[in-house]
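Following the hints, complete the assembly by docking chain B onto the known chain A.
Taken in sequence, the protein lines are chains A and B.
For the record, in the first sequence the residue sitting at position 59 is 59 according to our numbering, with numbers rising by one throughout.
For the record, in the second sequence the residue sitting at position 61 is 1061 according to our numbering, with numbers rising by one throughout.
Please note: incorrect hints may appear among the correct ones.
[Said to hold, decoys possible] Here are the in silico distance ranges between beta carbons for each label pair:
1) B:Val1060 - A:His77: 42 to 50 Å
2) B:Val1060 - A:Gly117: 40 to 48 Å
3) A:Phe119 - B:Val1058: 28 to 36 Å
4) A:Asn101 - B:Leu1047: 37 to 45 Å
5) A:Val122 - B:Glu1083: 45 to 53 Å
6) B:Leu1047 - A:Leu30: 18 to 26 Å
Hints in this document: simulated from the structure, not taken from any laboratory.
Positions of the beta carbon are idealized from the N, C-alpha and C atoms, including for glycine.
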Amino acid sequence: MLGAPFPVDALTSIALFCAAGAALIVVTYLVRRPPLVHATKVWLLMGLGVLPIGAAMTGNVAGYEHMKMRHFCGSCHVMGPYESECENLESHSLASRHARNKLFGNENCYACHSDYGMFGTVTTKMGGMGHVWRYYTEYRDVPLEESAKTIHLRAPFPNDNCMQCHSTELDVWNNVPDHKSSLADVRAGRLSCASGGCHGFAHPFTKPDGGAP
Amino acid sequence: MTKRGINTSRALVAACVLALVALALIVWAVLVPRPVPVMLAMTAGQLLGTLSLASFLVVVVYDMRRGRGHIIPNDPPPPLPPEPVERDPKVS
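So that you can see chain A by itself, here it is in the shape it has in the complex (with noise of 0.2 Å):
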């Protein structure tokens, strides 16, 4: 699921290609209106299915690869401050720093914010849905002043996510005194491991004490 795994552009390029080769004969057809003959039936069926499929597959597998980069998420004016924030090399939010690696630093919203497990792509899609229809229904206009205040997550952070990386196996990370004391805790979710505290929010300038570990 991380990284690139298609190449976007050659996707993009074969998506359109498809997708002008079916218009063609579509619009070749509507201006001719030849007599369905087996010609006309062959040229159709690359026109109205052939091409048309192969232009909705590769559309749709470049669609998903957009939609895991941290761009598409900042495509919501609310989404911005956390789009930003995560680029700025100064900045040391737990978000920005996992947005620097080359596997996934540009997916780094997905990474985190995705559902793991069997369904996951299903119920994260579903929930992005869920966030879209949201975003224009109620905060569309609102301020980023007032937004920053009132957007927050449906449930907590889980801590499987991070787990899903941070395996809480290895021994350095046990070695760390915190985690070894708290590691029933950690492994159960009962001790987030982005709070205060801890590790800090993850994007602490949403929080009114900006989350200082």
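Then chain B, alone, in the frame of chain A:
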């Protein structure tokens, strides 16, 4: 064209128009990958494209069966058997 027939050329025009709308949504999403276009392409775009292909396939199957004599558009439909009327003896 009888009641049983499909107007193949109109169905094909509809399929083409649906396909063009679906393709436009896909191209929009690919060129402007922002939430609304991408979501529209993946939902409405898929739906319209599927409908378009389905109507084309229906037309082709219909056309082939007509060609083989299964459906003769100019045949009047066979008369329907009279509906059996159920009588409830208690209700008069």
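I want to verify a distance hint. Is the separation of the beta carbons of B:Leu1047 and A:Leu30 within 18 to 26 Å? holds (21 Å)
- Task: Indicate whether the distance between the beta carbons of A:Phe119 and B:Val1058 respects the range 28 to 36 Å.
- Result: At 34 Å between Cβs, range holds.
Assuming the hint says 40 to 48 Å, is it satisfied by the Cβ distance from B:Val1060 to A:Gly117 or not? 43 Å Cβ-Cβ, so the 40 to 48 Å window holds.
If I claimed the Cβ atoms of B:Val1060 and A:His77 lie 42 to 50 Å apart, would that claim hold in this structure?
holds (48 Å)
| Assessment of proposed distance window 45 to 53 Å (beta carbons of A:Val122, B:Glu1083) | holds (47 Å)
*Verdict for A:Asn101, B:Leu1047 (Cβ pair) under range 37 to 45 Å*: holds (38 Å)
The structure is consistent with each of the numbered hints, conforming to all of them.
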